[in-house]
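Residue numbers (our numbering), protein chains in the order written: chain A, 1 to 336; chain B, 1001 to 1368; chain C, 2001 to 2373.
Hints in this document: simulated from the structure, not taken from any laboratory. All values derive from a computational prediction rather than experimental measurement. There may be inaccurate statements among the hints.
To be verified - Cross-link-like lysine-lysine pairs, in silico, DSS-like; alpha carbons within 30 Å at most:
id : chain 1 : residue 1 : chain 2 : residue 2
1  : C       : LYS2363   : C       : LYS2045
2  : C       : LYS2321   : B       : LYS1300
3  : C       : LYS2259   : C       : LYS2181
4  : C       : LYS2257   : C       : LYS2321
5  : B       : LYS1263   : A       : LYS44
6  : C       : LYS2257   : C       : LYS2181
7  : B       : LYS1106   : A       : LYS217
8  : C       : LYS2261   : C       : LYS2321
9  : B       : LYS1106   : A       : LYS44
10 : B       : LYS1263   : A       : LYS217
11 : C       : LYS2115   : B       : LYS1106
12 : B       : LYS1072   : A       : LYS217
13 : C       : LYS2203   : C       : LYS2181
14 : B       : LYS1300   : C       : LYS2045
15 : C       : LYS2361   : C       : LYS2115
16 : C       : LYS2361   : C       : LYS2203
17 : C       : LYS2181   : C       : LYS2261
18 : B       : LYS1257   : A       : LYS44
19 : C       : LYS2321   : C       : LYS2259
Said to hold, decoys possible - Across the chosen pairs, the derived CB separations fall in these ranges:
id : chain 1 : residue 1 : chain 2 : residue 2 : range
20 : B       : LEU1262   : C       : ALA2071   : 33 to 41 Å
21 : A       : GLY173    : B       : LEU1152   : 50 to 58 Å
22 : C       : GLN2159   : B       : ILE1208   : 37 to 45 Å
23 : B       : GLY1069   : A       : ALA171    : 30 to 38 Å
24 : B       : PRO1160   : C       : GLY2048   : 37 to 45 Å
25 : B       : LEU1184   : A       : GLU87     : 31 to 39 Å
Unchecked claim - If the Cβ cut is set under 10 Å, some of the chain C residues that face chain B in the computed set are:
id : residue
26 : ALA2057
27 : SER2094
28 : GLY2095
Don't be surprised by glycine CBs; every beta carbon is placed ideally from N, CA and C.
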Amino acid sequence: MTRTVHETARATKGRDLTATETKTPESPGRLRALSSRQGAAGDKVFSGAALAAGAIILVVLVAVAVFLVVQAMPALLAPQSQIANGEGFWPYIFPLVVGTIIAAAIALLIATPISIGVALFISHYAPRRLSQILGYIIDLLAAIPSVIFGAWGISFLAPALVPGYTWLSSALGWIPIFAGPPSATGKTLLTASIVLAVMVIPIITSVCREIFLQTPKLHEEAALALGATRWEMIRMAVLPFARPGIISAVMLGLGRALGETMAVALVLSSGPLIASLLQSGNQTIAAEIALNFPEASGLSLNTLIAAGLVLFIVTLAVNLLARWVISRHKEFSGAN
Amino acid sequence: MTAIATSRRRTALTRNRLPRYAPWASLAVGLVVGAALSTLVGFNFFGWGVFSAIIYTIVYVSWSGAVEGGRKARDKFATCLVVGAFIVVVLPLFSVIWTVLEGGIKGLLTPGFLGTSMNGVSGIQDNESVNTGSRVLGGIYHAIVGTLLITLWATIISVPVGLLTSVYLVEYGQGSRLAKAITLFVDVMTGIPSIVAGLFAAALFATIFGPGTETGFVAAVALTVLMIPVVVRSSEEMLRIVPNELREAAYALGVRKWRTILKVVIPTAISGIASGVTLAIARVIGETAPILLTAGFATKINYNVFSDWMASLPTYIYFQILNPTSPSNPDPSIQRAWGAALVLIIFVMILNLVARLVARIFAPKTGR
Amino acid sequence: MKALRFGRLSAVAVVAAGALALSACGSDNATGSSGSAPATSSGPKVTGTLTGAGSTAQSAAIDAWKQGFTAANSGVTVQYNPVGSGAGRKTFISGAGQFAGSDAAMSTDELTQAKSVCGPDGALDIPVYISPIAVAFNLPGVTSLNLAPDTIAKIFRGQITNWNDPAIAADNSGVNLPNLKITPVHRSDDSGTTQNFTDYLNKAAPSVWTDASNQTWPASLPGENAKGTSGVVKTVTDTQGAIAYSDDSAVSGSLGKAKVKVGGSWVALSAEGAAKAVELSKPASGRAANDLALSLDRTPTDSSAYPIVLVSYHVVCSAYKDQATVDLVKAWENYVVSDAGQQAAAAAAKSAPLSSALAAKDKTAIDSIKVKS
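Chain A on its own, in the form it takes in the complex:
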């Protein structure tokens, strides 16, 4: 800790250095002095500050984890008959974990291809003037509060999807996830997933677009010059370059989809775990916490925080899994 403070102090000094240096007229002699002496100090200060910032993040995260564990302990240690109306903690949390993963997975399955498509449209297909406006609108949509998405979900989307659900269950009802009878209000896990997808699309699109725009122009032109069509150029030059970035973007979207509370709480008519996506039922951890936190006290509050801890662990596990999958592909990056 003392080391961090020390380094922050040095970082401030380093910034002062930059300020004075840029203000004075740059004579050759001064420049030489800079690059040899002060420059070396600046390097240390700057790398120190960068390291300290990284350390701060770890410290915050450890603090959050410790907070969760301490607050969750009573629920984990108490006799299981006192938790969740005598249900016990693990039987209580298991359906929530499954519901959370299903909702986030469907949301990403919908959002990822669409987002990549939209980002490509903006970066490589649309006329330049139009693409700037479109990028602007997409960024804007990331800011709509989740309450509004929730309100839109119940008042517009859910009723609009009911005929579709009725058709799905009659045509494909033999598949368990489309089993009927469909919900009369449309407030199902599939609707919640679609709302989540709409919420994460701006995030994934925004990051992907920036990355697609950074593709080296020479690579693109080389591909086109070899006679590639636009799609072949994208496949050969743009997508390989952008792959790690796309994965980052999807991870950001995943985080949002896993942790989203308000929209799911408003849209989903929750219930016990069921396979069908067209009936009301299922629940996600974050929504469960948001719904029950205000009236919770004592042990039930600890139970909810333990649920938060489980979500934390689920996120960790999903990330580790994704990382393990990605690590089998060699990444391309300008900086390595």
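Add chains B and C to chain A, keeping to what the hints say.
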């Protein structure tokens, strides 16, 4: 005319090309067949659109495949998919924006909505305005002030930390164990439910400053926990794609690493970083739960983030929708809620413009 | 380079100027009142800040009380955070506020914990807010319906699934009941309303409703759910054949409200009936003398009482650290239970005013608040 057309068809370059009218012809076929198909299952405009798009794609791509060959057809197919994705995404997003505009414009134009707080407004006033048709009292000024200040402080804390971390990850920590750990845990951090971040900040400040420490600053700290991972993740990506040639050129000129980062790497990536920071602000400006737990619930104007309760636009919207000021006449509350939502979106729009301006001022001139 | 830097500076200046302009034009006077307080305040003149947190059900009433109380005492600021009853009691026990709004009385555990901030006599529960709970239904063409407790319980348990069921028809001769699926709707969030409704079913229909009263709706039962009172009412309004329990204040005109069986007669929902049912209830056992926690009577025989009610409490300390706080809390709570306060809440939140007998008991309890020795 005919002669020119014939000769054009004969040239080697245009021999295997679809005629100019091909997209329009396919579209016409798509619309007609789509209308027929959707009438079969019960006509509505949505179904017509979906069927038309599918038929159009099939006709256009197979026509191209027959005339131009597989590669061109695949290219056309990809174009159809990309444009299709765009249309698919535009529809719900515009529907959301339309809902907000439709509901919000009336509230926004009510005199006093932007300039007053909710101080002294209760169900009695709302019932009266519904019964007598007088204007809806009460405004969002206190919430605007709160949102701006809380978000400002959250940005002040998280942008330097986030940006420096991503610099560490890309420039200094390449492949080190610490860097790997940070990347992993930043990803985990994105999944922290916002309510947990709020609980954490509230507990932290209650431990240090005693119970009941509920101020705008505590809310800013809670938002920081949510904001940092987005800043790190997006700016890390943007720094990573800065071409190594630029760095190497700078080093070759004898420029120190930190100067290279500050003067070459960050300016090159600034557009993406600005967009990432905007995204991060956008992510937290609409958060409800953490602010509720950390900043109290004010109905009065408060300019000081370090003392007393503070309101914010999302909590305002949340309560006006879910707990109307007058339970029996929720309409005035709903009008205020949509008005506040519209204001929130306008803020983000302005913020976006500013971020773009910043990016343009700082970014080096490129060939694009 | 120079010009560029100037550009940055001017951008900063514009932002700063914008912030200044913003901070100059706001007003806390939303109602356009002149601001001079009517001198109706009786008792000692009080000043200071009163902080509370808790029940969302009370928030509309508290807005009205805040307005009335600060109009009479211009030196007072009252702030209330409607975070929910459980969170409100927790905040109160931590010592962060002077009162809590709660849909349930403090538990024995919580009373013990409260002794650390409230002194050896602990905290007091004062019933201040009565809200009748309506059994609201959406049936085209049907505006009045008689439902016996057993029938209600069977509907919400999914044992009666159609509106033309003989059990419903038997109590509603002359009503044309449609052949329509019943969609029971309940709260998805934990709530005091659910607790009181399940308590009613448990006591009035014990043979059908075997679950104990709980603020969480039993998860195994079929039906749709929605968040918050407004969400439930919206779902019922949008769905034909739906039935739900909801705080009466939010039930819109298009929905019917069932008459329930009390003793031998059918009782429609009314504010007086709700107040009567609360008045007939006994105090909860094992409480301190001035703790007015109630054990609500769900099976009264008096046909003027409507037994599906929610009673919300203000939790206050039996002793505070100084005289100023004691005066402030006493003045506030006395205003809340006074006739003026109850009428203001009824006008703003459509609650049922306390009966005069209960208000008198409340006043005795409030007057017992003293300085911590």
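Going through the hints against the structure:
no., hint, verdict
1, C:LYS2363 x C:LYS2045, "holds (18 Å)"
2, C:LYS2321 x B:LYS1300, "holds (27 Å)"
3, C:LYS2259 x C:LYS2181, "holds (21 Å)"
4, C:LYS2257 x C:LYS2321, "violated (47 Å)"
5, B:LYS1263 x A:LYS44, "holds (17 Å)"
6, C:LYS2257 x C:LYS2181, "holds (18 Å)"
7, B:LYS1106 x A:LYS217, "violated (48 Å)"
8, C:LYS2261 x C:LYS2321, "violated (49 Å)"
9, B:LYS1106 x A:LYS44, "violated (57 Å)"
10, B:LYS1263 x A:LYS217, "holds (22 Å)"
11, C:LYS2115 x B:LYS1106, "violated (51 Å)"
12, B:LYS1072 x A:LYS217, "holds (22 Å)"
13, C:LYS2203 x C:LYS2181, "holds (27 Å)"
14, B:LYS1300 x C:LYS2045, "holds (23 Å)"
15, C:LYS2361 x C:LYS2115, "holds (23 Å)"
16, C:LYS2361 x C:LYS2203, "holds (26 Å)"
17, C:LYS2181 x C:LYS2261, "holds (23 Å)"
18, B:LYS1257 x A:LYS44, "holds (10 Å)"
19, C:LYS2321 x C:LYS2259, "violated (49 Å)"
20, B:LEU1262 x C:ALA2071: 33 to 41 Å, "violated (58 Å)"
21, A:GLY173 x B:LEU1152: 50 to 58 Å, "holds (53 Å)"
22, C:GLN2159 x B:ILE1208: 37 to 45 Å, "violated (54 Å)"
23, B:GLY1069 x A:ALA171: 30 to 38 Å, "holds (36 Å)"
24, B:PRO1160 x C:GLY2048: 37 to 45 Å, "holds (40 Å)"
25, B:LEU1184 x A:GLU87: 31 to 39 Å, "holds (33 Å)"
26, ALA2057, "holds (9 Å)"
27, SER2094, "holds (4 Å)"
28, GLY2095, "holds (5 Å)"
This entry does not satisfy hints 4, 7, 8, 9, 11, 19, 20, 22, going by the numbered hints stated previously.
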